[in-house]
Amino acid sequence: MSKRYGFVMLVYRCIDCKACQVGCWAENEVPLGKSRNWITKDGPKGKFPDLITDFLPGNCMHCGNAPCVNVCPTGASYQTEEGIVLVNKKKCIGCKYCMVACPYNARYYHPEEKTADKCTMCVHRLKEGLQPACVSTCVGGARVFGDLNDPDSQVSRLLRKHRAVVQLPQANTQPNVYYVYDSPVDKGGIAP
Amino acid sequence: MAKDKHIADLPSIGESFFWRKEFSRRQFLIGSGAVFSWAMLQKMSFAGGKAEETTATAAKKGVNKVPSVCEMCVWRCGIIATVEDGMVKKLEGNPENINSRGKLCPRGNAGIKLLYDPDRLKFPMIRVGERGSGKFRRVSWKEALDFTAEQMQRIKEQYGPEAMIMSSTHNLTQPYFENLLKAYGTPNYGTQRSLCFNAMTIAFLFTYGVAQPVVDYENCKYIIYAGRNLAEAISNSETQRMMDFAARGGKIVMLDPRFTITASKAAEWLPIRPGTDLAFFLAMGHVIIKEKLYNQEFIQQHTVGFEEFAKAVEPYSPEWAAQRCDIPAETIRRIAREFAAAAPAAVVHPNWRTSNFVNSFQTERTVAILNALVGNWAAPGGLQPVPEEGSALGSLPQPPYPTVTAPRLDGVPWKHPLVPLKYGVIQDIRDALLTGEPYQGKGWLVYRQNPLMSIPERRKTLTALKNLDFLAVIDVIPNDTAYYADVILPESTYLERWDPLSVAGNRVFLRRPAVEPLYDTKSGLMILKELGERLGLGDYFPYQDERDVIKAQLAPVGISFEELLEKGWAELQEEHHDPYYLQTASNKIEISSSTLANSGENPVPAWQEPPAPPVGKFYLLSGKVAQHTQFSTQNNLWLSLLTPDNPVWINAEAAKQLGIKDGQPVIVESPVGKVINKAYVTEGIRPDCVFMAAGFGHLSKALKTTYGKGASNSSLHETHTDPVTGCQALSETFVTVRPYLGGESA
Chain A
19 MSKRYGFVML
29 VYRCIDCKAC
39 QVGCWAENEV
49 PLGKSRNWIT
59 KDGPKGKFPD
69 LITDFLPGNC
79 MHCGNAPCVN
89 VCPTGASYQT
99 EEGIVLVNKK
109 KCIGCKYCMV
119 ACPYNARYYH
129 PEEKTADKCT
139 MCVHRLKEGL
149 QPACVSTCVG
159 GARVFGDLND
169 PDSQVSRLLR
179 KHRAVVQLPQ
189 ANTQPNVYYV
199 YDSPVDKGGI
209 AP
Chain B
190 MAKDKHIADL
200 PSIGESFFWR
210 KEFSRRQFLI
220 GSGAVFSWAM
230 LQKMSFAGGK
240 AEETTATAAK
250 KGVNKVPSVC
260 EMCVWRCGII
270 ATVEDGMVKK
280 LEGNPENINS
290 RGKLCPRGNA
300 GIKLLYDPDR
310 LKFPMIRVGE
320 RGSGKFRRVS
330 WKEALDFTAE
340 QMQRIKEQYG
350 PEAMIMSSTH
360 NLTQPYFENL
370 LKAYGTPNYG
380 TQRSLCFNAM
390 TIAFLFTYGV
400 AQPVVDYENC
410 KYIIYAGRNL
420 AEAISNSETQ
430 RMMDFAARGG
440 KIVMLDPRFT
450 ITASKAAEWL
460 PIRPGTDLAF
470 FLAMGHVIIK
480 EKLYNQEFIQ
490 QHTVGFEEFA
500 KAVEPYSPEW
510 AAQRCDIPAE
520 TIRRIAREFA
530 AAAPAAVVHP
540 NWRTSNFVNS
550 FQTERTVAIL
560 NALVGNWAAP
570 GGLQPVPEEG
580 SALGSLPQPP
590 YPTVTAPRLD
600 GVPWKHPLVP
610 LKYGVIQDIR
620 DALLTGEPYQ
630 GKGWLVYRQN
640 PLMSIPERRK
650 TLTALKNLDF
660 LAVIDVIPND
670 TAYYADVILP
680 ESTYLERWDP
690 LSVAGNRVFL
700 RRPAVEPLYD
710 TKSGLMILKE
720 LGERLGLGDY
730 FPYQDERDVI
740 KAQLAPVGIS
750 FEELLEKGWA
760 ELQEEHHDPY
770 YLQTASNKIE
780 ISSSTLANSG
790 ENPVPAWQEP
800 PAPPVGKFYL
810 LSGKVAQHTQ
820 FSTQNNLWLS
830 LLTPDNPVWI
840 NAEAAKQLGI
850 KDGQPVIVES
860 PVGKVINKAY
870 VTEGIRPDCV
880 FMAAGFGHLS
890 KALKTTYGKG
900 ASNSSLHETH
910 TDPVTGCQAL
920 SETFVTVRPY
930 LGGESA
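Keeping their order, the protein sequence lines are chains A and B.
The opening position of the first sequence corresponds to residue 19 in the working numbering, with each subsequent residue numbered one higher.
The opening position of the second sequence corresponds to residue 190 in the working numbering, with each subsequent residue numbered one higher.
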């Protein structure tokens, strides 16, 4: 069976420090003011002093049923066998259909290259046996990456142990990025 | 963005009081053609820099991985810099370094934008306009150093060496900075400590003889933090270990008036009334003693003064504390029991910046004692002693220092007998410059420090600086104090220079250039040496270049300089200390402190009522965000994109009563100053508090990215000093907040 790469985001472990974002900017020379990944703050919810805030690390969901790939008129947006959604810059005409189609707002227009641009799972690092830049610098240990088809991978083990959800399931995009909301108090630990 | 712009256009107190909004072009050109504005200098230098960059890169085509040490804060993470064709492209945590554990925080990742900050200092400069006018001319290193040495020599001859103040922040070159000031002969050394953690370090020194014990997170089960916000005031490895601890199911109890990110991770967040942590901890002590939850054997073997403390906390019941700290008595009692039950794998964390209230020292003493009561010292999951940093390294020979007889301007020890000399009380130096007591300071050499932003009552600090005969600044960016300086000596950034070795655990790491200096800058070691030589103090700097210092440090380690370069780190001989032989007068843990008793202070903690805001006023709290370090990173382009300013946190109910809406401009006013800033309306703060993160409201127009953004706490902070520790009480300033309706100049 081929690999199928994906992320498991451990919501409890995210401290919203944004090291992932800066690490990605440097690694991928992301144009100033654009971002391939993000952290969404959900909260504080409730009334003082009974409050909850969740931080959701995000990036391209590398959807199994990717609207960006489906709408691309030139075939520039494509998905590799391992599930990585990429943009072939040579084929991209900068029409931005994919940007509109993406329900997660994961793409941006690269002002110099005049193409769509997005998270690549740091495919160049994967080839060297490294983790994506956002994962390897994640201070809280919230971002976990690996092969979802390998039952021994960290991501598979986490998905067996915890209930996970995807963002916007109603969009039927079949994301390869999963979110675990369990807190260690209920679950006896959220260790990757 | 548009909203931010609106805020940025509003006058802040520093601006309207002290300088014109814009320089006219004509003003730049007064005198001779050699007078330039910041903007013109920067433009000029940028072109020059590019050329130098090209020369440096020509030799180094291809990709290099350079192991070095981060300096985006003081944690000293090991880094590996990826250098492509002479440009630093990426910084990553070095997995061999226990401070980084293979990861970097956002600031560490953004170090590249310090190196390539177009606003950074690029060559030496001498002021030509009024102090604070921002008018400088570019000079050679020779001229800048000659001028600095002449001025320092003049001050020494005219007024004595004590008229010269020298201050520095915590950095690897600090021992050589201390060399300069001690050899020059001034007792006036300023550090940041009295604005930071004097209360904690002195309390633990007096109790354990160890200033900063650490937590054994891996074996710990229960931690109580009092304001230590590790998720935002990131200490990389400790933050990682805290998150592992919490994610494993370790219990965090967080005392903080604000719902910080750490509070959001805590099993229990207790929004305590500011300044009353002492009541909470005294009551914990009361419960532990009354219910005999302490470790009898440990106390008998390793401590002195238990009986006195037991007697002292007799009146401090949880019911008594509840009335002061707004935490229910039952909660305090339960937490005391839980803490004792989890011991010795339970810790009341020593905390970090503890300069909050005059009673912070008593709070920290009580924290130290609670740990001793349950016997967690050197136990798995408890507090661990750490040996003195760098004790295993060698050093260069040097002559003895001259004797200094003049008293210190900061009152150590004549006014503050218990403050260690190397800590000092920097806010008192500022005050001494204003009063002329006990004598008039005339000059100040500031090394990578920014007193204008850090010391309370900025208006006073500005006056003090303006009154000086001479002000020199060594820094990498044109910070606020540099903007007021007579001469600026630009240091190379940490990615361009050699520094003395950094110890992390039982390994040493080397900070070395990832690239050659981009501009006409030098390392701190070379600046100090060349200055020292001009002052006739060359014998104190017996090295030709930085490598000599590093080689001398390495001598006892048994690894050559070349091997270290190759490997990036070296193992130190592991030293075995008896953790129970303590460097206190009794060699035991001093629950009752002999040092305090000998100085006529209460040897055991007692309740000290903190001041509270009158009706209509708020506690002004300050703290950190994960994206910035003190006052030094706000101009970093990437970090500024993430956190461009510091809106005023205000409780939703309080805001409603004042008619303040989220994002609206408000005026925050204290007895000593007033600022305009924008409101952040939230449920996540007590209704009697407002909060502004530190580091914004810069005065330096040369910091073009951050200038005009946010507001400075130091404009608002009153000066309140704890006479025992010299600790500034940063949360004893009370402010009013009201909507800004225009028309009013701040």
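Simulated from the structure, these hints should not be mistaken for lab results.
These numbers were taken from a predicted model, which means no experiment stands behind them.
Ideal placement from N, C-alpha and C gives every residue a C-beta, glycine not left out.
Treat the hints with caution; some may be incorrect.
Pairwise CB distance ranges (calculated) [to be verified]:
id: 1; chain 1: A; residue 1: N83; chain 2: B; residue 2: G694; range: 33 to 39 Å
id: 2; chain 1: B; residue 1: E332; chain 2: A; residue 2: Y127; range: 45 to 51 Å
id: 3; chain 1: A; residue 1: K59; chain 2: B; residue 2: P504; range: 41 to 47 Å
id: 4; chain 1: B; residue 1: E497; chain 2: A; residue 2: K65; range: 30 to 36 Å
id: 5; chain 1: A; residue 1: K63; chain 2: B; residue 2: W603; range: 51 to 57 Å
id: 6; chain 1: B; residue 1: L623; chain 2: A; residue 2: K65; range: 30 to 36 Å
From the structure, some residues in chain A lie toward chain B, with a derived Cβ separation under 10 Å [stated by the list, open to error]:
id: 7; residue: L28
id: 8; residue: C42
id: 9; residue: N88
id: 10; residue: P91
id: 11; residue: G147
id: 12; residue: A151
id: 13; residue: Y199
id: 14; residue: P202
Calculated pairs, DSS-like style, for lysine-lysine (alpha carbon to alpha carbon, straight line, at most 25 Å) [claimed, not checked]:
id: 15; chain 1: A; residue 1: K65; chain 2: B; residue 2: K813
id: 16; chain 1: A; residue 1: K179; chain 2: B; residue 2: K410
id: 17; chain 1: B; residue 1: K500; chain 2: B; residue 2: K410
id: 18; chain 1: A; residue 1: K108; chain 2: A; residue 2: K52
id: 19; chain 1: A; residue 1: K65; chain 2: B; residue 2: K850
Each hint tested on the structure:
Here the CB-CB span from A/N83 to B/G694 is close to 49 Å, at odds with the stated 33 to 39 Å. The supplied range of 45 to 51 Å is met by B/E332 and A/Y127, whose beta-carbon atoms lie about 50 Å from each other. One distance hint, 41 to 47 Å for the beta-carbon pair A/K59 and B/P504, holds here, with the actual separation near 44 Å. For B/E497 and A/K65, the Cβ-Cβ distance of about 44 Å falls outside the hinted range of 30 to 36 Å, so the restraint is violated.
Our hint of 51 to 57 Å for A/K63 and B/W603 holds, since their Cβ atoms are close to 54 Å apart. The hint said 30 to 36 Å for the Cβ distance between B/L623 and A/K65, and at roughly 46 Å that hint is violated. About 7 Å separates the beta-carbon of A/L28 from the nearest beta-carbon of chain B, less than 10 Å, and the hint is met. The beta carbon of A/C42 is positioned within 10 Å of a beta carbon in chain B (closest approach about 9 Å), and the interface hint is therefore held.
At a threshold of 10 Å, the smallest CB-CB gap from A/N88 to chain B is about 32 Å, leaving the interface hint violated. Given the 10 Å rule on beta carbons, the hint for A/P91 is violated: about 33 Å separates it from the nearest Cβ of chain B. This hint is violated: A/G147 has a C-beta 14 Å from the nearest C-beta of chain B, more than the 10 Å allowed. Interface hint at A/A151: satisfied, since its Cβ lies 8 Å from the closest Cβ of chain B, which is below the 10 Å cut-off.
About 13 Å separates the beta-carbon of A/Y199 from the nearest beta-carbon of chain B, more than 10 Å, and the hint is not met. Because the closest C-beta pair between A/P202 and chain B is about 5 Å apart, less than 10 Å, the hint holds. With a CA separation close to 24 Å, the supplied pair A/K65 and B/K813 stays within the 25 Å bound. In summary, the hint linking A/K179 to B/K410 is supported, as the alpha carbons are separated by about 22 Å, within the 25 Å threshold.
Between B/K500 and B/K410, the direct Cα distance comes to roughly 29 Å. Violation of the 25 Å bound is thereby established for this hinted pair. Of the pairs offered as hints, the one joining A/K108 and A/K52 holds, with about 21 Å between alpha carbons and a cut-off of 25 Å not exceeded. Our distance criterion of 25 Å between C-alpha atoms is met by A/K65 and B/K850, whose separation comes to about 17 Å.
Hint compliance for this structure: hints 1, 4, 6, 9, 10, 11, 13, 17 are broken, all remaining hints hold.
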